[in-house]
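Residue numbers (my numbering), protein chains in the order written: chain A, 1118 to 1489; chain B, 1118 to 1489.
Check before you lean on any hint, since a few could be wrong.
Which copy? The list can't say, so a pair holds if one copy fits it or any two copies do.
As the list claims (entries may be wrong) - Here are the simulated DSS-like pairs of lysine-lysine, each with C-alpha atoms no more than 27 angstroms apart in a straight line:
1. K1157 x K1353
2. K1190 x K1165
3. K1237 x K1291
4. K1416 x K1196
5. K1237 x K1165
6. K1190 x K1355
7. K1274 x K1291
8. K1416 x K1190
9. K1165 x K1353
10. K1196 x K1237
11. K1291 x K1157
12. K1237 x K1353
13. K1274 x K1190
14. K1355 x K1221
15. K1274 x K1416
16. K1416 x K1221
17. K1312 x K1165
18. K1165 x K1289
19. K1416 x K1289
20. K1165 x K1291
21. K1416 x K1355
22. K1196 x K1274
Just so you know, these hints were derived from the structure itself, not from any lab.
Number of protein chains: 2
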Amino acid sequence: MFQFTLHTTDGRARRGTLTTRHGEIQTPCFMPCGTKATVKTVDPEELKQMGCQILLGNTYHLMLRPGGDLIEKMGGLHKWMGWDRPILTDSGGFQVFSLHKIRKIAEDGVEFQSHINGDKIFLTPERAIEIQEQLGADIIMAFDECAPTGVDMTYTKEAMERTHRWVERCLKAKTRTDQALFPIVQGGFFPELRKISAEFMAGLDTPGIAIGGVSVGELREEMHEVVEVVEPLLPKEKPRYVMGVGEPIDLFNLVARGIDMFDCVIPTRLARHGTFWDQYGRHTITNADYRTQENPLQKNCVCTTCQRFSASYIRHLIVENEILGHRLLTIHNLHFLLELMRQIRSAIEEHRFEALRNEFITTFHNGQTGTN
Amino acid sequence: MFQFTLHTTDGRARRGTLTTRHGEIQTPCFMPCGTKATVKTVDPEELKQMGCQILLGNTYHLMLRPGGDLIEKMGGLHKWMGWDRPILTDSGGFQVFSLHKIRKIAEDGVEFQSHINGDKIFLTPERAIEIQEQLGADIIMAFDECAPTGVDMTYTKEAMERTHRWVERCLKAKTRTDQALFPIVQGGFFPELRKISAEFMAGLDTPGIAIGGVSVGELREEMHEVVEVVEPLLPKEKPRYVMGVGEPIDLFNLVARGIDMFDCVIPTRLARHGTFWDQYGRHTITNADYRTQENPLQKNCVCTTCQRFSASYIRHLIVENEILGHRLLTIHNLHFLLELMRQIRSAIEEHRFEALRNEFITTFHNGQTGTN
Chain A
1118 MFQFTLHTTD
1128 GRARRGTLTT
1138 RHGEIQTPCF
1148 MPCGTKATVK
1158 TVDPEELKQM
1168 GCQILLGNTY
1178 HLMLRPGGDL
1188 IEKMGGLHKW
1198 MGWDRPILTD
1208 SGGFQVFSLH
1218 KIRKIAEDGV
1228 EFQSHINGDK
1238 IFLTPERAIE
1248 IQEQLGADII
1258 MAFDECAPTG
1268 VDMTYTKEAM
1278 ERTHRWVERC
1288 LKAKTRTDQA
1298 LFPIVQGGFF
1308 PELRKISAEF
1318 MAGLDTPGIA
1328 IGGVSVGELR
1338 EEMHEVVEVV
1348 EPLLPKEKPR
1358 YVMGVGEPID
1368 LFNLVARGID
1378 MFDCVIPTRL
1388 ARHGTFWDQY
1398 GRHTITNADY
1408 RTQENPLQKN
1418 CVCTTCQRFS
1428 ASYIRHLIVE
1438 NEILGHRLLT
1448 IHNLHFLLEL
1458 MRQIRSAIEE
1468 HRFEALRNEF
1478 ITTFHNGQTG
1488 TN
Chain B
1118 MFQFTLHTTD
1128 GRARRGTLTT
1138 RHGEIQTPCF
1148 MPCGTKATVK
1158 TVDPEELKQM
1168 GCQILLGNTY
1178 HLMLRPGGDL
1188 IEKMGGLHKW
1198 MGWDRPILTD
1208 SGGFQVFSLH
1218 KIRKIAEDGV
1228 EFQSHINGDK
1238 IFLTPERAIE
1248 IQEQLGADII
1258 MAFDECAPTG
1268 VDMTYTKEAM
1278 ERTHRWVERC
1288 LKAKTRTDQA
1298 LFPIVQGGFF
1308 PELRKISAEF
1318 MAGLDTPGIA
1328 IGGVSVGELR
1338 EEMHEVVEVV
1348 EPLLPKEKPR
1358 YVMGVGEPID
1368 LFNLVARGID
1378 MFDCVIPTRL
1388 ARHGTFWDQY
1398 GRHTITNADY
1408 RTQENPLQKN
1418 CVCTTCQRFS
1428 ASYIRHLIVE
1438 NEILGHRLLT
1448 IHNLHFLLEL
1458 MRQIRSAIEE
1468 HRFEALRNEF
1478 ITTFHNGQTG
1488 TN
């Protein structure tokens, strides 16, 4: 049901195919975030039109509302949200640790308060798997403890070791055979811990491996260093997924370091703030220059936004806070990243990835660091 | 360029075709409101999919932002908003009189404050036409004074007489020959004034006539009475447009009284408040009954919302305030009204309009009156 085929490499960049029960995913790939069972503002048809292969859903948000029971009863996440291509769900670990200040971490699991009604909720590795089995994604994630940046090595090591014990409980708790479970390498920004964690996760019988905890803050150099340390320790035959990264430059730099899968809220979030990408970098549509701009957001872009509407019209929609504006920018930004991944895949196949990467990085002005 | 053909009648109900330079409109028709150059949440492709023949744009909103100059420079409203079918623009009169408390009405025109930046703006019949010529709609409206409900007959008569003088200035100010100008019958809820106004407007050389000022408040009976008085005085060969009406029951009752065109924000506004229509009336999607409802919003509905999504999923989106939810309900509500108009047109052609009207009114529970 789940299979990864590595077709070719170009330097350390890898070109592969993931096969799931909902179809194939060509890698390297970017996965748009459908946090609450919808990629904000767009519908499944638009996602298909832009060539989206796989979506990410958030266990944390969906467990709070509407709950795993309901989605299971409705036939699972795919059917419920009208998306028949692959889905990956995260375990909720990242949100529990990043969105909540009030929490109690114990060996058994984590206690936190619902941000919706203040209810006390206890999430364990077993419960995270149970909910993900109810949601029914093709790829599910182990429940991990994502230590915050700035904590010391002792704290980070404890969190990492607990994550190791938890992943074994996740594997044991898993009952569905049609879902692929990925463990998550932790260890903060301490190379020695990352090595231990990578070796531990590599030793497990899982069809893929993720690297977590690198997208926190604005630590681009540290993120690259972590991947440099971890990647050589990962089995070549398994897909590698770096969580929470979606800045174009980072995608290039991590594909160059042997990573196959990415997700990030940045294309959709930027869109809702009136920001879009083109080959030169980020732009703010409310800039007065766009008022009379008859051209599309990006010349030669084939997305359904650029094919139909001028920058002038989209600027007006954003100024007026019209929902269609947010949607049109979301379509463009997601298409931009998905198209970038298509170009990256072709370049790897033709063994010219480094040339493409250099060309892109030279042209693209990255006004921001990290994943914001 | 502009032509109205009356094909057949069934009682007083009329089945016609309006021909414009952007194509034909089958009547009776409902026109969705694209207030700020977008029908809120949906795109032109979706409007075409649901069989939308003509949109309404608002001169008042567009003159304030981005301004008629910009839209003219960008090639006109059709090109700018990516809509190649007919458009009707109102004159701004209704908004000036309904949205503003601080105003000065003089013979020359109306002074009001922009709700955006407080600027003093002076709108005259000539200026309203000038802006509508810049926008470039197929049908444009005369600048009128829409007297509020509750004022006495003297006030209403003065407003009506000014409207009569203003429509003559509008006709004189008009320079484009490819736009049809419709005057607006006023006179409040005073039958004797309505008669005077209807006779005056009927005597003008215009290709169509509108009835304004009937959608204010919750005065369904009064609205019907006004139309009863006015309609017999209107030339049979001209299309008649009742402004601001979109409640399903009202559409039936006014088609039955010989009206051909309607517009209203109600389908889109209800959607944004989580309300949808089916043949039984209005429903609130956040109702707990829909939580596990696997069926679409309306059985046998062929709209792209009902074809793809369950009520359960849409309820979740609305509860989470997800934009896709507002969009899916908007699509359904607009489709519902447009489909109703298709059924009405077929029924008139087949001389069974009264049977359809009775059947609909018996089934449809109208919990609300007026146009809300």
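Here is how each hint holds up against the structure:
no.	hint	in the structure
1	K1157 x K1353	neither (34 angstroms within a copy, 49 angstroms between copies)
2	K1190 x K1165	within (26 angstroms within a copy, 35 angstroms between copies)
3	K1237 x K1291	within (25 angstroms within a copy, 68 angstroms between copies)
4	K1416 x K1196	between (37 angstroms within a copy, 18 angstroms between copies)
5	K1237 x K1165	neither (38 angstroms within a copy, 48 angstroms between copies)
6	K1190 x K1355	neither (33 angstroms within a copy, 56 angstroms between copies)
7	K1274 x K1291	within (26 angstroms within a copy, 78 angstroms between copies)
8	K1416 x K1190	between (46 angstroms within a copy, 20 angstroms between copies)
9	K1165 x K1353	neither (30 angstroms within a copy, 50 angstroms between copies)
10	K1196 x K1237	neither (30 angstroms within a copy, 54 angstroms between copies)
11	K1291 x K1157	neither (30 angstroms within a copy, 45 angstroms between copies)
12	K1237 x K1353	neither (42 angstroms within a copy, 69 angstroms between copies)
13	K1274 x K1190	neither (40 angstroms within a copy, 63 angstroms between copies)
14	K1355 x K1221	neither (34 angstroms within a copy, 74 angstroms between copies)
15	K1274 x K1416	neither (49 angstroms within a copy, 56 angstroms between copies)
16	K1416 x K1221	neither (51 angstroms within a copy, 48 angstroms between copies)
17	K1312 x K1165	neither (38 angstroms within a copy, 57 angstroms between copies)
18	K1165 x K1289	neither (35 angstroms within a copy, 52 angstroms between copies)
19	K1416 x K1289	neither (52 angstroms within a copy, 44 angstroms between copies)
20	K1165 x K1291	neither (30 angstroms within a copy, 47 angstroms between copies)
21	K1416 x K1355	neither (38 angstroms within a copy, 46 angstroms between copies)
22	K1196 x K1274	neither (40 angstroms within a copy, 60 angstroms between copies)
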